[in-house]
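Following the hints, complete the assembly by docking chain B onto the known chain A.
There are 2 protein chains.
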Amino acid sequence: MINWNNMDTLASYKELCGQKKVNLAEVMTGENGAERVKKYSVPMAAGLTYNFGAKSVNDEILAVLAKLSEEAQLVEKFEALYNGEVINTGEKRLVLHQLTRGQLGKDVIAEGVNKREFYVAQQTKAAEFANKVHAGEITNAAGEKFTTVVQIGIGGSDLGPRAMYLALENWAKKNGTFKMKAEFISNVDPDDAVAVLNNVDLAHSLFIVVSKSGTTLETLTNESFVRDALAKAGLDASKHMLAVTSETSPLAKSSDYLAAFFMDDYIGGRYSSTSAVGGAVLSLAFGPDVFACFLNGAAEADAQAKNKDLFNNAALLDALIGVYECNVLGYRTTAVLPYAQALSRFPAHLQQLDMESNGKSVNRFGEPVNYTTGPVIFGEPGTNGQHSFYQLLHQGTDIIPLQFVGYKNSQMDTDVVIQDSTSQQKLCANVAAQIVAFACGKADENRNKNFEGGRPSSIIIGEKVTPESLGALLAHFENKVMFQGFVWNLNSFDQEGVQLGKVLAKRVLAHETDGALKVYSDLLNI
Amino acid sequence: MINWNNMDTLASYKELCGQKKVNLAEVMTGENGAERVKKYSVPMAAGLTYNFGAKSVNDEILAVLAKLSEEAQLVEKFEALYNGEVINTGEKRLVLHQLTRGQLGKDVIAEGVNKREFYVAQQTKAAEFANKVHAGEITNAAGEKFTTVVQIGIGGSDLGPRAMYLALENWAKKNGTFKMKAEFISNVDPDDAVAVLNNVDLAHSLFIVVSKSGTTLETLTNESFVRDALAKAGLDASKHMLAVTSETSPLAKSSDYLAAFFMDDYIGGRYSSTSAVGGAVLSLAFGPDVFACFLNGAAEADAQAKNKDLFNNAALLDALIGVYECNVLGYRTTAVLPYAQALSRFPAHLQQLDMESNGKSVNRFGEPVNYTTGPVIFGEPGTNGQHSFYQLLHQGTDIIPLQFVGYKNSQMDTDVVIQDSTSQQKLCANVAAQIVAFACGKADENRNKNFEGGRPSSIIIGEKVTPESLGALLAHFENKVMFQGFVWNLNSFDQEGVQLGKVLAKRVLAHETDGALKVYSDLLNI
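Top to bottom, those sequences are chains A and B.
Numbering-wise, our numbering puts 472 at position 472 of the first sequence, and it's gapless, one number per residue.
Numbering-wise, our numbering puts 352 at position 352 of the second sequence, and it's gapless, one number per residue.
Read the hints as simulated data drawn from the structure, not as lab findings.
No false leads were slipped in.
Pairs involving identical chains hold if they fit within one copy or between any two copies, as the list cannot separate such chains.
Each computed DMTMM-like pair below joins lysine to aspartate or glutamate, with the alpha-carbon atoms no more than 20 angstroms apart:
{"#": "1", "residue 1": "K145", "residue 2": "D236"}
{"#": "2", "residue 1": "K449", "residue 2": "E91"}
{"#": "3", "residue 1": "K449", "residue 2": "E367"}
{"#": "4", "residue 1": "K502", "residue 2": "D420"}
{"#": "5", "residue 1": "K464", "residue 2": "D522"}
{"#": "6", "residue 1": "K239", "residue 2": "E137"}
{"#": "7", "residue 1": "K181", "residue 2": "D201"}
{"#": "8", "residue 1": "K502", "residue 2": "D444"}
{"#": "9", "residue 1": "K174", "residue 2": "D413"}
{"#": "10", "residue 1": "K38", "residue 2": "D522"}
{"#": "11", "residue 1": "K442", "residue 2": "E367"}
{"#": "12", "residue 1": "K442", "residue 2": "E512"}
{"#": "13", "residue 1": "K38", "residue 2": "E512"}
Source: prediction; values computed, not measured.
Excised from the complex, chain A in its bound form:
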C-alpha cells in the first residue's frame, strides 16, 4: 500500500530538520577529509561514479535520509510507476519513459497494447529508416544521399535531443560513426528558422517535425517555414519531411511525410530523449547502434534506481541530499557544471527537466504545500564558468550547491603539453581544485581575498563522454528529479504552468485584449 503524503507530515523529515549541521570546511580538511572523500562514493551505471564527499552531510544525516526514503516509499513509488500505475494524476496518465529503454517490471498494457513492444517497434522502424538513408536506399528526388537532418521542435523536442547530439557529435566523428550533421529549429522567432535554413543544403536535408500533439504552434509555424523554403527551391517537401508524433495527432494521419515515428501520452516531452523524439534524429546522425548504446546506458541507470539501498542507488541518494539542501539548509539554486565541452547544452536540458517537473507549489492532489520545492537550475561548462559566475559562487552572500561532472579522458584524443601537462589534465586539475576550494575555503587577513568555504558540491566522474555514459547520466538526472518529486509529493509529470501564457498569447493575436495586455500589445506593435 502506497501512501502519498506531504513531506512535512513525515516523522523522518522532522527528524532530519533536527539534525546537527555539518561544518563542511572542517570535515573536509586534512586526512579526515581524504577518508571522507574515499568513503562517500557510490558506483553508477556505465562506469560512472557519484562522489558526495563535499556535500554537507555525515553518517547521522545519511541515516535519517535513508529513513526518509523508507517512510516516503520512494523506491516503491518508482516500482508503481514502471509497473504502469497512473502516476501523472493531473492528466490521468501513466509515466513510461523508462520503458523506452528497458523492461523494469511487469508488462505494461495500455489500450490493449504492450507498451514496451510499442516503443521497441518504433525504435526498429526508425533504425530501419536510418539505415536506408545511410545506405542511399532512401534519397532525395534526384537519387542523391541526404547529408543533414534538421529537427523542428521546441522544449523537450529540442533541448534533450540537441544536448545529446552535441554531446556525441565529436565522439562519433572520432569513432567513425558520424553519418549526418544535425541542426535544430525551435524558436518562433523567424530569425531562428531563416538562419538555419540559410546554413543547410536544402536539397540534401531531411526535416523531422516533432510534436506529440501535432498542434504546437511554434513547431507548426517552423514547419511551414521549411515547406516554403523547399517549395521555393523547387523541392518536393513530402520527400524531405518526417514526423515524430502520437498516433492520434493530425501529423500521424498526413501523407505529407516520408515516414512517421510514434511516441504517446505516457512520455513527457522533457523525458523523451530516449523515445522516438531523440531516437529518430540521433539514429540518423550517428546510426542506430549508437542510439542503442545510449539506451543501454540509460537502462542500466534505471535498473540501479530500483535499489532500496541508498549507497547502491546514486539517483536516490542525490535526490535526498538535494532535498536536505533545499528544505533544511534553505539553498534555492543549483549550478550544474560539466567539465566537458561536449556537455555544453546539458545544463539547458536539465533546466527544463528539473524546473518543469518540480517547479510546483501544489501537491499531486492539488493542495498547496508548505515547503519549498524545485530549485532554479543553471550552469555552463567548466573551465568557462570559472572565468565568469564562479566569483559569486565562491564569495557571494548566498550558498549555491554545485553539481560537477568530470571525465578522465577527452573525446577526441588530441592534446598538447604546455607547462608539463596536457589540456585534459588541466581540465581535471581544475575541477578537483574547485571542489576543495568551495568546500574548504582559505582564510586571509585581507577579507577581500578570504574564502569562507562551506560551499557543498558533488561530482559525477566518468571515463569519457560516450553513448553509454551519456545515457546513464541522462537517466540519473531523470530519476533524481522523479525521486525528489516523490519526496515533495508533487506530480512531476504535468506542466499546467505553461498554459496561461498560451491562452493570453492567442488572445493578443486575435486582438481580443484590454487593460495592461492591450497596452503591451500596442507597445510591441502587434
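Below, chain B alone, put in the same frame as chain A:
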C-alpha cells in the same frame, strides 16, 4: 565629497524597508493596470524603452528609491568613475571602459597618457587592419583573402564578444556588411579547440589571442593548440595570428603576431566588449563601421546614465528596483529572457557581468556586509524558455523577477503567415502575454491550474537588434550593475573569488597535494 557607506546605514534604505508592499496582481488588473503600464515607461538610448509597469513598485516606493539614489550619491559616484578616480579600490585601478566609447567628463590622464585618445588609437589601428584584410591587402602567405576569424580567449574575452557576434551575424548578412565568419575557442577542454579547428579552413583563418595579462593559462594553451595545427598544415603562424593584450604583457613584445591591439588594466574583462577585445573580432567580422555604430549606441546609453532624474536614467532606475527586489522583497535570482534568437548568448554574458561584479560579501573596504548582494542570473531566449523552465517561474514556490527584452521587428525580414499572424507577431504576442500572466495570474478552482500572479517583470522594447541598439543594451546592463555595486558599497571591478581555484589547480598539476585534494586528483587520474 563622496561618502562610501554601507546600504544599511542609509536613512532612505530604512525608509524603503518600511514601505507598504504593492499587490502586483491587483494594480495590474483592469484599466488601472493599463494606465500604469503607459506611465511606468522611460526612454533609453538608441530607441529602446524601459517599461517597468509590471514591477512591484508604486509612486511611493519610487520616491524613496529616488531618495536612496541621492543619499547613496549614485550619479556622483559614476561621475567620479568616468573622471578617473580609483574606483577599483582592491586593485587600485581606474575604471575606464566607458571611455572606449565616448568622453563623458574630464580628460583622464594616466601614466601620462590621455586614455580616451589611447582607446581611440587602438580602435583606429584595428579598423585599418580590418579594412586591409577585407580589401585583400593583408592576406595569407599564398596571397589569398582571409575568410574566418577565430577568437581565442576565456571569460570576458569570450562571452561578451561571442554574444555580440551572434547578435549581429544575421543582421550583417542581411545588410551586406558581413565580412568574415567568427568562431571562438575558450575552454581548456581539448575537445573545444579540436572541434573548432576541424571546422575551419586553417589556410584562410586569422586567430586573435586575447588575454590582458598575456598569462591566462587556458588561452595560452589554446594558442599552442592552434600553432600546432597551423604548423602541421605547413602554415606560418606569424602570418595568421593577432594579439589583443595590455602593452606590458609578454604577448605585446612578441614578434609572433601580425599585429597587436591594446587594452589596459582599467578595463575589466567583463566590461571589455567595447574595447579592442570586442573591437578586433567585430571589426574583422562586420567591418569597422558596424563596430563604430555599436560604440555609438553604448555611448548614448552612458550619457543617459549621467542623469540624476530616475525617470531619465533607465540604468539607475533598473538598478534601484533590483535592489528593492533583492533586499526588501528577498528575491535572490533574476531571469533574463530576450525574445530574440539573436540574443541567444546575451544571458550568458550578463551572467558573468552581474555575478562576477556583484557576487561579493565584503564592501569596498574589505568589511563584511550585513545584506545580500548580487543575485544569480540565468536565462534563455523566448519562446524557447516558455517550453522549459517557465513552469517554475509561474507556479514554483519562489518568486523570480524577470527581465524581458523584445523587438518589434525581426533581423532577417523573412516571415510566414500561419493562422493569420506572422512568426514575429507570435513572438511579440507571447512576450506581452507572459508579462501579464506573470503579474496578474488567473484564479482557478483546480489549484493545479491556478496562477497566483504577483511575479514581477520589466521589459526593454526596441525596434530591432541593430549595432546601435545592441550597444545601448550592453551599456544599460553595465551601468545597472555599476549602480547596484554603488548601492551595496561593493567594489564591482575586481574578482578575487576566482583566485583560490587557480592556486589549487596549479598545485594539482605539480602533484603537490594532500588530503581531499589528493583523493580527488587520484579519482580523476591526474
